[in-house]
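Colleague: Sequence:
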Amino acid sequence: MYVEVAVSGLATYRADTVYFVKRCPSEALCEERLITSNFAKDGRVYLLNAEPGEYQAVAAAFESGMFGDSSIYFAYFPASLVKASATAITAGGFAYAGRYSLATSYGLCADNAEPGQLKYAQMIAPDSPKCGFWRPLVHKLSSGDFMFIAGKAYPVGQQTYHYRGTGYEMMPESTDAEAFVDQARSDLSGAGWVIAK
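When we follow our numbering, the leftmost residue of the sequence shown carries the number 1, and every step to the right adds one.
It is worth saying that the hints were derived from the structure and are not from the lab. Just to be clear, a hint being listed does not mean it is correct.
Claimed, not checked - Ranges between beta-carbon positions, derived for each pair:
no., residue 1, residue 2, range
1, Ser128, Asp182, 35 to 43 Å
2, Pro172, Gly92, 24 to 32 Å
3, Ala95, Asp127, 29 to 37 Å
4, Gly92, Leu10, 36 to 44 Å
What the hints assert, rightly or not - Below are the DSSO-like pairs computed for lysine-lysine, each with C-alpha atoms no more than 30 Å apart in a straight line:
no., residue 1, residue 2
5, Lys83, Lys119
6, Lys22, Lys119
7, Lys41, Lys22
8, Lys83, Lys22
9, Lys41, Lys83
Quick caveat: nothing in here was measured; it's all calculated off a predicted structure. Every residue, glycine too, gets a C-beta built ideally from N, C-alpha and C.
I would like the entire structure built from these sequences, with the hints used as guidance.
Modeller: Dropping the structure here:
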């Protein structure tokens, strides 16, 4: 899977991590849990050794920063992208989940985010405020590591930002899937993985 995230019109970043959920069979009761991708290269994100079943992508994350300070950004997918990303995995198989360009807006508030976005945001960052500017800032100040110099607080470590996906574009699978599989063969060959032709 390949995901580009446009951060509120400022810049576009490639996902370092994608969060998936495994769909429950309709007749079975199961507890939904997040499954994190476990390999990435040049924007291509992989879920290796996945159990057979159907998976959907629900969020992406990437790190960005300058001068040694990095921030982590989470982008929660709209329901339409979650549905479009549904991919069946077979034992020993390789499946392509698509290439997406996601548009975002800052913050997840109950009045503007989709229920699924709020649900997965809570699973990824429990009890952390994600709506507005002040609540996340006050939470970070009260719970994070800060250094105070001349009465001003400076963050130590990562800042975290939450964005809701507002729309997306998908590259047509017929033109992209074969190229992605070729790139995957190269990405994974050094680790002993073989993707059948």
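Colleague: For each hint, tell me whether it holds in the structure or not.
Modeller: Hint check:
1. Ser128 to Asp182: 35 to 43 Å: Holds, at about 40 Å.
2. Pro172 to Gly92: 24 to 32 Å: Once the Cβ atoms are compared, 27 Å apart, the range 24 to 32 Å for Gly92 and Pro172 holds.
3. Ala95 to Asp127: 29 to 37 Å: holds, 34 Å
4. Gly92 to Leu10: 36 to 44 Å: holds, 42 Å
5. Lys83 to Lys119: holds, 16 Å
6. Lys22 to Lys119: holds, 15 Å
7. Lys41 to Lys22: The hint holds at about 23 Å.
8. Lys83 to Lys22: Answer holds: Lys83 to Lys22 is near 12 Å, not above 30 Å.
9. Lys41 to Lys83: This hinted pair holds, its Cα atoms lying about 24 Å apart.
The earlier numbered hints are all upheld by this structure, with none contradicted.
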